[in-house]
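Chemist: Let the sequences and hints guide you as you build the complete structure.
Sequences listed follow chains A and B, in order. Numbered according to UniProt numbering, the first sequence spans residues 1 to 437. Numbered according to UniProt numbering, the second sequence spans residues 1 to 437.
These are computed hints drawn from the structure, not numbers from a lab. Warning: the hint list may mix true and false statements.
You can't tell identical chains apart in this list, so a pair holds if it fits in one copy or across any two.
Straight-line C-alpha distance at most 16 Å; calculated EDC-like pairs for lysine to aspartate or glutamate [to be verified]: (1) K341 / E33; (2) K341 / E34; (3) K341 / E118; (4) K344 / E33; (5) K344 / E34.
Protein chains: 2
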Amino acid sequence: MTSESAHRAIGVAVLGLGNVGSEVVRIIREQAEELEARVGAPLELRGVAVRRIGSDRGIPEELQTTDAESLVGRDDVDIVVEVIGGIELPRKLILSSLNSGKSVVTANKALLADHTGELAEAAEANSVDLYFEAAVAGAIPVIRPLTQSLAGDRVNKVAGIVNGTTNFILSAMDETGADYEETLAEAGRLGYAEADPTADVEGYDAAAKAAILASIAFHTRVTAADVYREGISTITSADLASAKALDCTIKLLSICERIVTPKGKERISARVYPALVPLSHPLASVNGAFNAVVVEAENAGRLMFYGQGAGGAPTASAVMGDLVMAARNKVHGGRGPRESKYAKLKVAPMGDILTRYYVNMEVADKEGVLSAVAAEFAKHGVSISVVRQEGAGAGARLVVVTHVATDAALSETVAALNELEFVTAVTSVLRLEGTEQ
Amino acid sequence: MTSESAHRAIGVAVLGLGNVGSEVVRIIREQAEELEARVGAPLELRGVAVRRIGSDRGIPEELQTTDAESLVGRDDVDIVVEVIGGIELPRKLILSSLNSGKSVVTANKALLADHTGELAEAAEANSVDLYFEAAVAGAIPVIRPLTQSLAGDRVNKVAGIVNGTTNFILSAMDETGADYEETLAEAGRLGYAEADPTADVEGYDAAAKAAILASIAFHTRVTAADVYREGISTITSADLASAKALDCTIKLLSICERIVTPKGKERISARVYPALVPLSHPLASVNGAFNAVVVEAENAGRLMFYGQGAGGAPTASAVMGDLVMAARNKVHGGRGPRESKYAKLKVAPMGDILTRYYVNMEVADKEGVLSAVAAEFAKHGVSISVVRQEGAGAGARLVVVTHVATDAALSETVAALNELEFVTAVTSVLRLEGTEQ
Chain A
1 MTSESAHRAI
11 GVAVLGLGNV
21 GSEVVRIIRE
31 QAEELEARVG
41 APLELRGVAV
51 RRIGSDRGIP
61 EELQTTDAES
71 LVGRDDVDIV
81 VEVIGGIELP
91 RKLILSSLNS
101 GKSVVTANKA
111 LLADHTGELA
121 EAAEANSVDL
131 YFEAAVAGAI
141 PVIRPLTQSL
151 AGDRVNKVAG
161 IVNGTTNFIL
171 SAMDETGADY
181 EETLAEAGRL
191 GYAEADPTAD
201 VEGYDAAAKA
211 AILASIAFHT
221 RVTAADVYRE
231 GISTITSADL
241 ASAKALDCTI
251 KLLSICERIV
261 TPKGKERISA
271 RVYPALVPLS
281 HPLASVNGAF
291 NAVVVEAENA
301 GRLMFYGQGA
311 GGAPTASAVM
321 GDLVMAARNK
331 VHGGRGPRES
341 KYAKLKVAPM
351 GDILTRYYVN
361 MEVADKEGVL
371 SAVAAEFAKH
381 GVSISVVRQE
391 GAGAGARLVV
401 VTHVATDAAL
411 SETVAALNEL
421 EFVTAVTSVL
431 RLEGTEQ
Chain B
1 MTSESAHRAI
11 GVAVLGLGNV
21 GSEVVRIIRE
31 QAEELEARVG
41 APLELRGVAV
51 RRIGSDRGIP
61 EELQTTDAES
71 LVGRDDVDIV
81 VEVIGGIELP
91 RKLILSSLNS
101 GKSVVTANKA
111 LLADHTGELA
121 EAAEANSVDL
131 YFEAAVAGAI
141 PVIRPLTQSL
151 AGDRVNKVAG
161 IVNGTTNFIL
171 SAMDETGADY
181 EETLAEAGRL
191 GYAEADPTAD
201 VEGYDAAAKA
211 AILASIAFHT
221 RVTAADVYRE
231 GISTITSADL
241 ASAKALDCTI
251 KLLSICERIV
261 TPKGKERISA
271 RVYPALVPLS
281 HPLASVNGAF
291 NAVVVEAENA
301 GRLMFYGQGA
311 GGAPTASAVM
321 GDLVMAARNK
331 VHGGRGPRES
341 KYAKLKVAPM
351 GDILTRYYVN
361 MEVADKEGVL
371 SAVAAEFAKH
381 GVSISVVRQE
391 GAGAGARLVV
401 VTHVATDAAL
411 SETVAALNEL
421 EFVTAVTSVL
431 RLEGTEQ
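Modeler: Okay, structure coming up:
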C-alpha cells in the first residue's frame, strides 16, 4: 500500500489531548497505512502537548510534553493541530507555528472569530495552510463547500443550527414541555451542557461560528463583535407551546445574510437568536445534538448540510480531513484557498434587519384590547399576520405574528405596547425565520 | 476590487452551449469582477464550441466556433469546461486539453464513469487539474466533501437520490396514486423527463454516478460496468400503496457500500435500484427533482447533503466552483487532489449483498397459504419480519418483508415461491433500505 510514496514523513504535532485531541491521535496511529496512501507520505506523530504527562493518557509518555512552545518549534514538525481551546495561548502557538513555516489545523472557533485576520496574514506571509473545517458544525463539511464548491456562486444567506447544547435543550423542551432551568440541568447531567454553560446558552459559541461563516460566505472580515446575539435562557415552556400552536418550533439560529438597505446599499448581517421556525422548514426537524446549515446561493439555490456538530470522533473527522489536505500540500506543493476579504461589505445595524416577529403579551380580558393592540402595530408600520387569543381572565394573552418589519420598528412597537393600559406586560418577543412575507 | 491581481488573465474555453453551458457563460460574463477578486486574475472567455453558430445564442458570434478541437488547442486557453455530453467526442477533447497542459472541468458523468482512469492519468502526467463536482448531484457539494473533508476518515456507505427524473416520477406516483406510464408522460410534458427517458428511468444515469461516488469513497477504480442496476419502469401504483401501508415510500437509490464477506474479505458494492425507504429515514422526504446524498463514515457518523441535483443554474454553480479552484491553482500554483485508487478493493457480486426485501405475490385465498409461503422462506434461510394479507378471493395478496438476507438466498426463495401451487405469481420484489435488521 505504501509503495507509491517515496516522500519523507510529514511530522505532526498535536496541541491538546481532550475529547478531540485524543481522537485525532488515535486515528493518526490506527489508520497510519490508509493515511499514508492518501497523503503520499507517512504521517508521523512527533508529540502531543498536554497539561500533565501521565501513563493513563493512551499514548506513550515520551510522546507527551508540557512544553508546547518547544514542540511547535521543532524542525521535524510540518503541521500543527491545535485543539487546546482558549484564546491567548493557542493564538501565540499558532502564530509561532505559521511563522516558522508550519501549516496549522485548528478547531478553535472562539479564536478564529476574533483573530482570523491576523492568523490568515501569517499563513499568507509564510505560504502555509491554515485550515479550520472543524471550527463550525463539527463533522459537517461547511467551510470547504463555502470556500471552494461555491467559489463561483454568490451566497445570499447562511442559516444554521450550529450549537448542539442549545439545540438539545430546545428540542427537549419542545418534546417534554419542561421549563428551561429544569432542561438545562438535565442536559448537564447527560453531558450535553458544561458546568458553566454560558458560552453555549447565551449564544457566544453560535456567534463565533456566525462570524466565521459570514467572513467566508461574503468575502468580508467579520468578527464576533459584529454579530448581534441573544441566547436561549429567557425561552419559556409557554413560548414553545405558543410556537407549536402556530405550527412552529423554536431553534437557536446563526444567520448570515446579504441585504440591501432601503437606500440601495449592499450590507451584510450576522446574528444569533432563538427564532420560531415553521415545522415545514428543513431546520425544524434538526433535533438533539445534531447540527445543520442551510446555504442559499444565487445559482445553486438552497443547499442543506446535516450531521453531528460536536463530539470527539466527529470533530476529529473534520480535523483529520484538514490534516490530510495540509499534508498533501506539503508533499505535492500547492496550498488551500487563502482568506478572501476583497468584498469589504459593511455590517448593517440590527435595527435595519427585516424579519417577522412573534410577540406574546399578557393583557386585560376586556373588550377593545385587540383593537388597541392592533392600532399600536399599525401606527408603527408593522403589519399583523396572525393574532391568537389565549387563556381568559387574569391569564389572558395575545400572541401576535407580524409580516416582515425592521427590528427598529418592532422595538418601538413593543415599547409602545408596554405603555398601553390594556397590556399588563409584553412577555416574549421572538423572530420568525424561514418564511418570506 | 481588482487592484490586488497583477496576474495575467486566465483563458477559458467552454465546450457546449446547452442548459449548463449557457449559464456558465452568463456567470463568467456577468460576475467578472467578483470572479477576478476570488481567482486573483481575470477569467477571460476565449470561445465557446457550438454545433451551429447563431446570432440568437446570447453571446457574440465571434466567440462561437464549431471547431472545438482548434479552440482547446489555443495557447491562450488555460482551462477547458466540457459540458457537451456524449462520450467519444468529449473524451477526445478532454484528453487533448489535458495533454496540452490545460486544466479541465467537466459535468460528464457518463464519460467519467467509464474513463476517469484514463483522464486522471493524463491530468497527472501533465500536472493539471481534472475537476467534476457537477457530475454528481448538480449543485450539491459531494465530490469535494468526499475527497477532501473526509480525506482523514473511512467512508463505509454512500446512499443517495441522484437522479431527478426518477425521483420526480416516484414522488408524483406516491402523491397521486397514478401509474408509472401516466406519470412518466406527465414528467415529459413538464420537462422533467427527456424524449428518450431510458438513461434516467432504467438507472443508467444513477449507475454512472454510483461508479464515480464509489471510486472516490473507497479509493478504488469503479466503472459503470461494476454497478448492479435496476430501473423504475416496473414499479406499480400497487407497490407504492403497499409501501405506504408499511410506513415506507419508494426511491431509486444509488448505494455504495464497504462490506465484509462471510469469509472475512473486505469488498465494495455499488448498486442502483428502487427500494422501500422508511418514512423516518432522511432520504424519504427528498421529493420532486431534489437530490440528496447520505454519507456514513467511521468517525464523522452520518452526514447528509441536500439540494438541487439538476438544472442549468444549479449545475453551473458546481462547474463555476471547479473553474474558480482550477483558475486559482493556475495563478497561485498547486493542484487539487489526484485520483486515489490505492485501496484496489474488489467489487462483491450482487448475490453476496445483504439487504432486507419486500416481496409482493398473488396467492390463492385458501387456508394454509401463509404457512406454505413462510416455510419456503425458512427453507432458504430468509427470516420474515412482517407479513400482510391484502385483498381477498381472486385479488388475494401476500406482502412479506424480510430481515436481512443475501440477494442469492432471496432469489432462490422467489424461484421456489413461483413453483408453489398456492402462489399465482410473485409480482414484485424490492429491497428495503435504511434499517438494519
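Chemist: For each hint, tell me whether it holds in the structure or not.
Modeler: Here's how the hints hold up against the structure:
1. Taking the shortest Cα distances, K341 and E33 sit within 16 Å of each other only across copies (14 Å), while inside one copy they are farther apart (38 Å).
2. Taking CA atoms no more than 16 Å apart as the test, K341 paired with E34 passes between copies only; the shortest distance there is 11 Å, against 36 Å inside one copy.
3. In this homomeric assembly, K341 and E118 come within 16 Å of each other (Cα to Cα) only inside a single copy, at 13 Å, whereas the closest approach across copies is 38 Å.
4. In this homomeric assembly, K344 and E33 come within 16 Å of each other (Cα to Cα) only across copies, at 14 Å, whereas the closest approach inside a single copy is 44 Å.
5. Proximity of K344 to E34 under the C-alpha cut-off of 16 Å is restricted to the inter-copy arrangement: shortest distance 12 Å between copies versus 42 Å within a copy.
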